[in-house]
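> Chain by chain, the residues run as shown.
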Amino acid sequence: MSVVEKIEEKDAPPSPSKPAQPALNSRKLMRFGLYVLAVTLSIWIIIPLYLITVSTFSTRNAITTKWPKDLFPNPVSTETLEFFLNAQGVMPSVVNSLIVGLITLVLSLLIGAPAGYAIARFIFPGRDTYKILILTTRAFPIVILSIPLAVTFLNFGLYDTLFAVAIVHTALALPQTILVTSSIFVGVPVELEEAALTLGCHRMQAFTKIVLPMALPGLAAASIFAFVLSWNEVFAATILTVQNRTLPAQVLSSLNSSTLPLKYAGGFILIVPSLLFILIIRRYLLGMWGRVIK
Amino acid sequence: MAEIRLEDIFKLFGKVAAVNKVSLTIHDGEFMVLLGPSGCGKTTLLRCLAGLELPDGGNVFIGNQDVTEFSPRKRNIAMVFQNYAVFPHMSVFDNIGFGLKMKKLNKSEIQENVMRSAKLLEVDKYLERYPAQLSGGQRQRVAVARAIAMNPAVLLMDEPLSNLDALLRMQMRAELKRLLQDIGATTVYVTHDQVEALGMGDRIAVMKSGEIAQVDVPMKVYTDPANTFVGGFIGSPPMNFLNGKIERENGAMVVDIEGQRLPAPANLASMVGQKVMVGLRAENIQATDSSAPPGIPTKVLVVEPLGSHLLLTTQLGNQSLKVVTPADFPTGPNQSLWIRPDLNKLRWLDAESGALLNVN
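Sequences listed follow chains G and V, in order.
Mind the numbering: the first sequence is residues 1 to 294 in this note's numbering, read in order.
Mind the numbering: the second sequence is residues 1001 to 1360 in this note's numbering, read in order.
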């Protein structure tokens, strides 16, 4: 056997640096390709956002008459934005959206966090089935759910109320809230809770004094997620309300009849919370997905 | 201070009995070590004692009070966890003072208690730091300080040293032993490390498959293991077990091991013609490199120089035997070796069950 090895050694290329070179090059190439892909995707998303933003801060005149468009608002103006915010029904719908979003945030956290905690901490019969069932609620299109829900809400006298919209949004947000919070709670070692129990806490105190402070940033991120989902949701909001429209429903219902500046400004207002959300939540999401951020 | 009594503790995990009807009494102020390989149920037993696990059967008494269904905080215990479990979002001071705060002591009492425990564990310089700024050894000290600050009647430790490197572990071992002698709490200490168990415990409970194989003082567990499992688990190298056969020779009892005969106790007379197992520790075998005076001839297979001594793996007939010799003993692989066991230190075990036979 040793003879064979020796022969092979002689046949092998004498310079150890030679075989390493092509590997390095192909890795560089891969990296380059990855960057090209990332840049393309970013441009794909950034360009519409940028154009909407430019239009929002241009004068109404510039939006409707100028062609080609400017790359910077010229002159910079809040006229379009003010026009949109002063349009009939817009401010009430912004307030409605805020209210629905906050109710959704609170409800989804109140229901989702304990469920997430249970999945993270306890092994109970049907745990895996339960996890899959949570996700399958997202398999039903909201289109199909909305009509029977409208009927049900009519029966309960909840139709055309913000609370009804918030309930539907909570249902939509819950799968993510549960799964995200459970991954947050998994990240808090169970020994810390047990240590708290041996140090004089009862279960609730162990949770509030030890687990909650450590999970708080993640929980905040999860709740902002619920808020943004509610802020963006349009279909259920349109079907379940007539008078009490949320902002997306309001924009959608007046889309055909409104002017271009109104559409741009509406789009801008709708995008802003999501962008803020992504900026805030980014590091927690990355942390959750296993990358360490210092 | 309190006596601990475990009565018929039974705990199922699925269909497996992790702890199978274990009864054990731990005296007031005693340092009891639960020793066993992983999966033997020692940690589960400790968790039943702590109240972190509810046993499926049996009772736990602490200081004559049945605490079986009490939550941990009502048991007057403190526990040190394997991975320390110091709270990362609290300073060292707040960590050590956490239990006292939960007990609603006033500020000066907390301050005083924290300082005392921190000084004992030599972490009083780091009180303002957070656990992330401490080394593993320092975190371990904080965890112990947090436990003893509670001034508990019972101190529970679950492999507290196993995450430390070897040198630090040895240092902490001695330090912990002295500390626990001083505070005098009844201590239950779980470990899989037989050196820790022998070195620290007042008594050792050796566990296997959810049952206690033997409870005794360390030296007794070492010299008189209750069965082959205990003898094989404790000691480095483990005890040698040689298969032999009891025979009668000129009216006296002898054991025949691979054709070699050693005197056997007279009260094994009833076992004439039956198999028996002879247990002997490596250090109780005298080795020479010459055939005179008469010894049992063996062949050296492996020589391991361990600094202070040599560990020889030898072959006696078809059986292998570990022998310890002085570091300068002249030998090598495939050389002949003559051995003379210390006849007073032979142990006699049942060949079938592996249980120690009473020969006195």
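Source of the hints: derived by calculation from the structure; they are not laboratory data.
Predicted, not measured: the structure shown is a model, and the values here were computed from it.
Some clues are possibly wrong.
[Unchecked claim] Each computed DSBU-like pair below joins lysine-lysine, with the alpha-carbon atoms no more than 30 Å apart:
id, chain 1, residue 1, chain 2, residue 2
1, V, LYS1074, G, LYS209
2, G, LYS209, V, LYS1208
3, G, LYS209, V, LYS1101
4, V, LYS1107, G, LYS209
5, V, LYS1103, V, LYS1208
6, V, LYS1177, V, LYS1119
7, V, LYS1208, V, LYS1220
8, G, LYS209, V, LYS1220
9, V, LYS1119, G, LYS209
> Now tell me, hint by hint, if it's right for this structure.
Structure-based check of each hint:
Of the supplied pair hints, the one linking LYS1074(V) and LYS209(G) holds, its CA atoms being roughly 18 Å apart against a limit of 30 Å. A hinted pair counts as satisfied when its Cα atoms are at most 30 Å apart, and LYS209(G) with LYS1208(V) does not qualify at roughly 38 Å. Of the pairs offered as hints, the one joining LYS209(G) and LYS1101(V) holds, with about 12 Å between alpha carbons and a cut-off of 30 Å not exceeded. Of the supplied pair hints, the one linking LYS1107(V) and LYS209(G) holds, its CA atoms being roughly 19 Å apart against a limit of 30 Å.
At most 30 Å may separate the alpha-carbon atoms for a hinted pair to count; LYS1103(V) and LYS1208(V) exceed this at roughly 38 Å. Proximity of LYS1177(V) to LYS1119(V) is assessed by CA-CA distance (about 16 Å); at most 30 Å being required, the pair is judged to hold. Taking the CA atoms of LYS1208(V) and LYS1220(V), the gap is near 18 Å; set against the 30 Å cutoff, the hint holds. Our distance criterion of 30 Å between C-alpha atoms is broken by LYS209(G) and LYS1220(V), whose separation comes to about 46 Å.
A distance of roughly 26 Å separates the Cα atoms of LYS1119(V) and LYS209(G); the hinted pair therefore holds under the 30 Å criterion.
Going down the numbered hints, you'll see the structure goes against 2, 5, 8, while the others check out.
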